[in-house]
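Novice: In the order they appear, the protein sequences are chains A and B.
The numbering of the first sequence is this note's numbering, which starts it at 202 and goes up by one.
The numbering of the second sequence is this note's numbering, which starts it at 392 and goes up by one.
Source of the hints: derived by calculation from the structure; they are not laboratory data.
Quantities reported herein were computed from a predicted structural model and do not represent experimental measurements.
From the three backbone atoms N, C-alpha and C, an ideal C-beta is built for every residue, glycine too.
Some hints here could point you the wrong way.
As the list claims (entries may be wrong) - Selected chain B positions facing chain A (in silico; Cβ < 8 Å): (1) 423; (2) 425; (3) 426; (4) 449; (5) 465; (6) 468; (7) 498; (8) 510; (9) 557; (10) 558; (11) 625.
Claimed, not checked - Which chain B residues stay away from chain A? Per the calculated CB distances, all over 12 Å, these: (12) 448; (13) 491; (14) 520; (15) 569.
As the list claims (entries may be wrong) - Below, computed lysine-lysine pairings styled on BS3-like, alpha-carbon distance capped at 30 Å: (16) B:490 with B:437; (17) A:346 with B:490; (18) A:346 with B:452; (19) A:259 with B:442; (20) B:601 with A:293; (21) A:267 with B:610; (22) A:259 with B:600; (23) A:279 with B:490; (24) A:293 with A:330; (25) A:293 with B:453; (26) A:356 with B:445; (27) B:417 with A:345.
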Amino acid sequence: MQSVGDKLAELACEPGRKVEDVDVFGRSAFNRYYYASYLITRKMLFDLNPNWVNTRHKNIPELLRKTIISRIRDQIRKQSKKGLITKSKEQKIRNDINDAVSELSLIIAEAYNIRVIADYRPDNKIFRKHKDLILENKSLNEAKKWSGRASMFSKKIIRIWKDVGL
Amino acid sequence: MLDCNNIDKLKEFIIERKIAYVSDVKARETDNIIIFIIPSEKISEKSTKNKTSKRQLTYLKKEIKNKFDIEVEYVIYREKNQEQIDAGLLALLAERFGKIIKDCLTSFKGSNSVDVWIDLSIKMEQSNRGLIDNIRGVISDYLNLFGISLRSLHGISQDQDVPSQIVILKVIKIISPAQQIDINNYLQGINYYIPSELWLSRKLDVLRKKMLILRQKDKSYVLTEEGVRFVPRTASSNSSDIKRALALGRKRWYI
Chain A
202 MQSVGDKLAE LACEPGRKVE DVDVFGRSAF NRYYYASYLI TRKMLFDLNP
252 NWVNTRHKNI PELLRKTIIS RIRDQIRKQS KKGLITKSKE QKIRNDINDA
302 VSELSLIIAE AYNIRVIADY RPDNKIFRKH KDLILENKSL NEAKKWSGRA
352 SMFSKKIIRI WKDVGL
Chain B
392 MLDCNNIDKL KEFIIERKIA YVSDVKARET DNIIIFIIPS EKISEKSTKN
442 KTSKRQLTYL KKEIKNKFDI EVEYVIYREK NQEQIDAGLL ALLAERFGKI
492 IKDCLTSFKG SNSVDVWIDL SIKMEQSNRG LIDNIRGVIS DYLNLFGISL
542 RSLHGISQDQ DVPSQIVILK VIKIISPAQQ IDINNYLQGI NYYIPSELWL
592 SRKLDVLRKK MLILRQKDKS YVLTEEGVRF VPRTASSNSS DIKRALALGR
642 KRWYI
């Protein structure tokens, strides 16, 4: 998906391309970049719990923020009470999971919003800004990084999930 | 369909609450969602007069849902200078540490504080602590040039670190009754790093003292009833119950 997005972005940014073509190639690039980050997140959800793999796209941030965080918190509370981890370790895990989940859910929510605009709001046109393309304040160069960021945060979530014994 | 009355009330609410950090509000009719557009420089670690925090955004979303039955999502865009700082950091780390750092990304917590995430090709274990501190120092010095402080450094590595107590307990549940060497081999087989025989033996002692495992006469370890209850149950392929069943099946097969 990422490489398809990159190719579409390259086509959209080619010098001399007609405005209408910049718009359609650019929109498709935003779409593919969203799916690249979605598929990484979906794989992570499958690894955590296969039942979560069919979560509706727009409900993923909520699943991350509520269910995943609370399961990890329950575990570390239990382990800290039993003396298997120290209070400071409990706090560190709590901070780490909050950071990773909040980052990933923001990316997924934001990428989904832009994807929907790219696909269903043709009146919101893409415009060029220097060597970048902008849709609804979001730059294509930034969208290109969605999947890399999603991958980093997913790895961290899986690591914590496993470390707490889940 | 988005209820117009509710949207008007939401607009009044934004003015009333003096929510100055939202640069634009859009309605997405395809799935009835309102989008708040927010520049990333308006997000800081703590809420102030003109800034908000990521935690505050989560509360705001809930409050709007409860008050007006409207779903809100956020689109946060980064300022150009943040992107340049990001690119500069990646180039610096590549030059100083080469292939040790596979990837690096930043997450700004406002205009003067940042979290840095690095993907390492080495373990984040104790023996590498000096190198990690060195990386942390290089990142901090670089960020200081821009008046930005490093809030936290998150490292991720391909291999697992040393196993936590609960991971060791889970392994004993899967392969018990198990000798220390079997536990050691199983953990290494799933990519955990075991510093020494003594290290593992101490960890097992802690679990024994907590009454979660028993050491039998033949020096093998088994879980106590409390130990069995203590291991979390999951629905994933990583489930200790499934792995235990498979391990038992394998044992029977080879007897």
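Novice: Does each hint hold? Answer for all of them.
Specialist: Each hint, compared with the structure:
Taking 8 Å as the C-beta contact cut-off toward chain A, the hint placing residue 423 of chain B at the interface is violated, the least distance being around 11 Å. With a least beta-carbon distance of about 10 Å to chain A, the hint placing residue 425 of chain B at the interface is violated under the 8 Å criterion. A least Cβ separation of about 5 Å between residue 426 of chain B and chain A falls short of the 8 Å threshold, and the interface hint therefore holds. Annotation: interface hint on residue 449 of chain B holds; nearest CB of chain A at approximately 7 Å, less than 8 Å.
For residue 465 of chain B, the shortest C-beta to C-beta distance to chain A is roughly 7 Å, which falls under 8 Å, so the interface hint holds. Here the hint on residue 468 of chain B is kept, as its CB sits about 5 Å from the closest CB of chain A, short of 8 Å. Proximity of residue 498 of chain B to chain A holds as hinted, the smallest CB-CB distance being about 6 Å (cut-off 8 Å). Against a cut-off of 8 Å between C-beta atoms, the interface hint on residue 510 of chain B holds, since the closest Cβ of chain A lies about 6 Å away.
Checking residue 557 of chain B against chain A: minimum C-beta separation of about 4 Å stays under 8 Å; hint holds. Nearest Cβ of chain A to the Cβ of residue 558 of chain B: about 6 Å, under the 8 Å cut. The hint holds. Proximity of residue 625 of chain B to chain A holds as hinted, the smallest CB-CB distance being about 5 Å (cut-off 8 Å). In this structure residue 448 of chain B is not separated from chain A by more than 12 Å, as the shortest Cβ-Cβ distance comes to only about 8 Å.
Residue 491 of chain B, annotated as away from the interface, keeps every beta carbon of chain A farther than 12 Å; the closest lies near 16 Å. Non-interface status of residue 520 of chain B relative to chain A is upheld: no Cβ of that chain comes within 12 Å, the nearest being about 15 Å off. At roughly 17 Å from the closest C-beta of chain A, the C-beta of residue 569 of chain B stays outside 12 Å, upholding its exclusion from the interface. Restraint check: the Cα-Cα separation between residue 490 of chain B and residue 437 of chain B comes to about 36 Å, which exceeds 30 Å; the hinted pair is violated.
In summary, the hint linking residue 346 of chain A to residue 490 of chain B is supported, as the alpha carbons are separated by about 20 Å, within the 30 Å threshold. Taken as a hint, the residue 346 of chain A and residue 452 of chain B pair is honoured in the structure, with Cα atoms around 25 Å apart against an allowance of 30 Å. Between residue 259 of chain A and residue 442 of chain B the alpha-carbon distance is near 26 Å, which keeps this suggested pair within the 30 Å criterion. This hinted pair checks out: residue 601 of chain B and residue 293 of chain A have alpha carbons roughly 23 Å apart, not beyond 30 Å.
The straight-line distance between the Cα atoms of residue 267 of chain A and residue 610 of chain B is roughly 43 Å, outside the 30 Å bound, and the hint therefore fails. Straight-line distance between C-alpha atoms of residue 259 of chain A and residue 600 of chain B comes to about 46 Å, which puts the hinted pair past the 30 Å bound. Proposed proximity of residue 279 of chain A and residue 490 of chain B is contradicted: the alpha carbons are some 39 Å apart, above 30 Å. For the hint linking residue 293 of chain A to residue 330 of chain A, the alpha-carbon distance of about 41 Å lies beyond 30 Å, and the restraint is violated.
For the proposed pair residue 293 of chain A and residue 453 of chain B, the alpha carbon gap of about 26 Å is at most 30 Å, so the pair holds. With a CA separation close to 21 Å, the supplied pair residue 356 of chain A and residue 445 of chain B stays within the 30 Å bound. Pair hint residue 417 of chain B plus residue 345 of chain A holds up; C-alpha atoms about 23 Å apart against a cutoff of 30 Å.
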